[in-house]
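Residue numbers (numbering that gives the first Met the number 0), protein chains in the order written: chain P, 0 to 350; chain L, 0 to 350.
Any copy, or any two copies together, can satisfy a pair, since identical chains are not distinguished.
Heads up, simulated DMTMM-like pairs for lysine to aspartate or glutamate below, C-alpha to C-alpha not over 20 Å straight-line: (1) K271 to D298; (2) K180 to D60; (3) K239 to D215; (4) K62 to E178; (5) K271 to E247; (6) K271 to D243; (7) K267 to D243; (8) K246 to D215; (9) K267 to E247.
Keep in mind that the hints were calculated from the coordinates and are not lab data.
Here is what each chain is made of, one letter per residue.
Number of protein chains: 2
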Amino acid sequence: MGGDRGPAAVVAGIAESAEKNPDIHFIVHGPRAEIEQLIARRSGLAARCDIRDAAGVVTMDDKPSQVLRKGEGTSMWSAVESVRLGEATVAVSCGNTGALMALSMLRLRKLPGVNRPAIACLWPSRNPQGFNVMLDCGADIRADAQDLVTYALMGTSYARNGLGLARPRVGLLNVGTEEHKGRPEMRQAHELMPATAEAANFDYVGFVEGGDLPSDRVDVIVTDGFTGNVALKTGEGTAKLVGDFLKEAFGKSILSKFAALLALNSLKRLQKRIDPRRVNGGVFLGLNGTVVKSHGSADSTGISAAIKLAFQLAQSGFQDRLAARVAQTAAQAAALNTTRNENQDHSEGTS
Amino acid sequence: MGGDRGPAAVVAGIAESAEKNPDIHFIVHGPRAEIEQLIARRSGLAARCDIRDAAGVVTMDDKPSQVLRKGEGTSMWSAVESVRLGEATVAVSCGNTGALMALSMLRLRKLPGVNRPAIACLWPSRNPQGFNVMLDCGADIRADAQDLVTYALMGTSYARNGLGLARPRVGLLNVGTEEHKGRPEMRQAHELMPATAEAANFDYVGFVEGGDLPSDRVDVIVTDGFTGNVALKTGEGTAKLVGDFLKEAFGKSILSKFAALLALNSLKRLQKRIDPRRVNGGVFLGLNGTVVKSHGSADSTGISAAIKLAFQLAQSGFQDRLAARVAQTAAQAAALNTTRNENQDHSEGTS
Numbered sequence: 000m001g002g003d004r005g006p007a008a009v010v011a012g013i014a015e016s017a018e019k020n021p022d023i024h025f026i027v028h029g030p031r032a033e034i035e036q037l038i039a040r041r042s043g044l045a046a047r048c049d050i051r052d053a054a055g056v057v058t059m060d061d062k063p064s065q066v067l068r069k070g071e072g073t074s075m076w077s078a079v080e081s082v083r084l085g086e087a088t089v090a091v092s093c094g095n096t097g098a099l100m101a102l103s104m105l106r107l108r109k110l111p112g113v114n115r116p117a118i119a120c121l122w123p124s125r126n127p128q129g130f131n132v133m134l135d136c137g138a139d140i141r142a143d144a145q146d147l148v149t150y151a152l153m154g155t156s157y158a159r160n161g162l163g164l165a166r167p168r169v170g171l172l173n174v175g176t177e178e179h180k181g182r183p184e185m186r187q188a189h190e191l192m193p194a195t196a197e198a199a200n201f202d203y204v205g206f207v208e209g210g211d212l213p214s215d216r217v218d219v220i221v222t223d224g225f226t227g228n229v230a231l232k233t234g235e236g237t238a239k240l241v242g243d244f245l246k247e248a249f250g251k252s253i254l255s256k257f258a259a260l261l262a263l264n265s266l267k268r269l270q271k272r273i274d275p276r277r278v279n280g281g282v283f284l285g286l287n288g289t290v291v292k293s294h295g296s297a298d299s300t301g302i303s304a305a306i307k308l309a310f311q312l313a314q315s316g317f318q319d320r321l322a323a324r325v326a327q328t329a330a331q332a333a334a335l336n337t338t339r340n341e342n343q344d345h346s347e348g349t350s
Numbered sequence: 000m001g002g003d004r005g006p007a008a009v010v011a012g013i014a015e016s017a018e019k020n021p022d023i024h025f026i027v028h029g030p031r032a033e034i035e036q037l038i039a040r041r042s043g044l045a046a047r048c049d050i051r052d053a054a055g056v057v058t059m060d061d062k063p064s065q066v067l068r069k070g071e072g073t074s075m076w077s078a079v080e081s082v083r084l085g086e087a088t089v090a091v092s093c094g095n096t097g098a099l100m101a102l103s104m105l106r107l108r109k110l111p112g113v114n115r116p117a118i119a120c121l122w123p124s125r126n127p128q129g130f131n132v133m134l135d136c137g138a139d140i141r142a143d144a145q146d147l148v149t150y151a152l153m154g155t156s157y158a159r160n161g162l163g164l165a166r167p168r169v170g171l172l173n174v175g176t177e178e179h180k181g182r183p184e185m186r187q188a189h190e191l192m193p194a195t196a197e198a199a200n201f202d203y204v205g206f207v208e209g210g211d212l213p214s215d216r217v218d219v220i221v222t223d224g225f226t227g228n229v230a231l232k233t234g235e236g237t238a239k240l241v242g243d244f245l246k247e248a249f250g251k252s253i254l255s256k257f258a259a260l261l262a263l264n265s266l267k268r269l270q271k272r273i274d275p276r277r278v279n280g281g282v283f284l285g286l287n288g289t290v291v292k293s294h295g296s297a298d299s300t301g302i303s304a305a306i307k308l309a310f311q312l313a314q315s316g317f318q319d320r321l322a323a324r325v326a327q328t329a330a331q332a333a334a335l336n337t338t339r340n341e342n343q344d345h346s347e348g349t350s
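This is chain P alone, in the form it adopts within the complex (with noise of 0.2 Å):
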């Protein structure tokens, strides 16, 4: 109900995906009658809804320290619960961020080994796959050393199953790729990480700039809520900058508007690649349940992208893939700890 375009656009969103995906069932949640109005447009979509009645409704301006007090009744509340309940196995939000990731860590609770939850969130790349992995994109503004390390083991976890890499390489975002660069808990984490790429089974290539944030020599993209929500941002609003600009030039004068009738196609197939909806849904990893944030201005087809992501996570086994990751790494370090100067062999899964 939070989102700025309102239900009728996440309705729409679900219809899409729909109709794409025979295989998907909703719980859908808000004030029964309304939604009711909104699934009974759309033909069938009713056999594939349930509705869970919510009045309240959490709105962008609300504070998340509000919302843990009296969010109880809303439908992004009621949204977090199915899936703490195991009725859902993935809840969907277009609301306000914070308030959700608030609402998800009470209710969700963190993963054994998870000290700060993260908001990972694709980035068109040059890589096969077309995406990076980049987190913590804004789920809180600090993180210190071991946070990093953990955002890794998560980040690589969403990497083989979100984007199915076998071995994903791993960057940490910093302001220059030498050694001595960067904050305290940036060098100390670097120090940290050839271990645990070695425990966990990813490749750690060491810093990594802005510039490498779409780049093929990294897979997932490793750095503080802070730093990587003004990246992102930063990166939408360039991306956006240059398609006006693009947009600009071709109606310019009439042979460069016949121009860019012919190149139609080529225009559409550049417009696909950057549609920043295609990578719509940020997801909230280290909780004992899966969140995707969908863009608060998403329109359906965002929103069905969101679906998709998720829809995607739900059926790699993607949640207790990642907590049995971070409980065995966490359980690896406390040995490695205590036994510090002992050789010992570790085991790998694949999860």
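Mind docking chain L on chain P? Use the hints.
Same frame as chain P, but now just chain L:
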């Protein structure tokens, strides 16, 4: 000497600038024989250039601390020295950023009232002037509340003298526009900003997000050097990605290649608007002397753009105006602190 493309690219850039602008005189620093030979190849350039013999080179891998100890005799040291001695109005370098900033701080010293100098860069924007100013782009990975306020003063001085804006609008980069968002030093700077804006004759628009960097609701974006550096490189990387995708899209079929040919002027116009070489030049602010840092990999076009920027700033008397503005505001702040509860009239200059 320390740029990625060596002295040939620098001399080529000097030649471009010399041809476009008869009012610039150059002092060129490096091994005399090599530099003389490069300059002699360009007709008429020798008469426009003085050469300062400097055998040493600061490489991209040199640590700033090493350069401070052993950098005397390098071309970088010599270039900064020529500003210190008043022989040059501005220094331009393509070399190691960290070393250049450390050397500039050591030799030129910080302006009274400045704790942390900053690097300001230009960002292609939707504003009539075509660019926004962002600082700090990487001089220092930290910034406290008072530093951020000083960045606002220095950035507005730059926007007045470099972009011709009478009353620049300043925004603080954050992860949201709400008052409770962000790190403590940002919330504190947010509180200090309105009074500073009034005293220093700029508009404070509040918190802005990464997506606002190219926006027309702000002219100067203030942030710490870590975030600024990541944002800058993310923006450049994204623009390059979209540009490459565009090229690929137009190279796909014969029809689209033909379309690209027809749209050549439009595409060139677009390329010009987003060409990072055109906005080449990070300006070091807060020192007793102006230093312009060109991209390490700049070609002659990029170097010429950096020289043009340096020339503009030199002609506008920017250095003295900025110094006066910072000193005046520092004095006002001190006076305000000692007589906090009295009413005071603040004189408003035009610097």
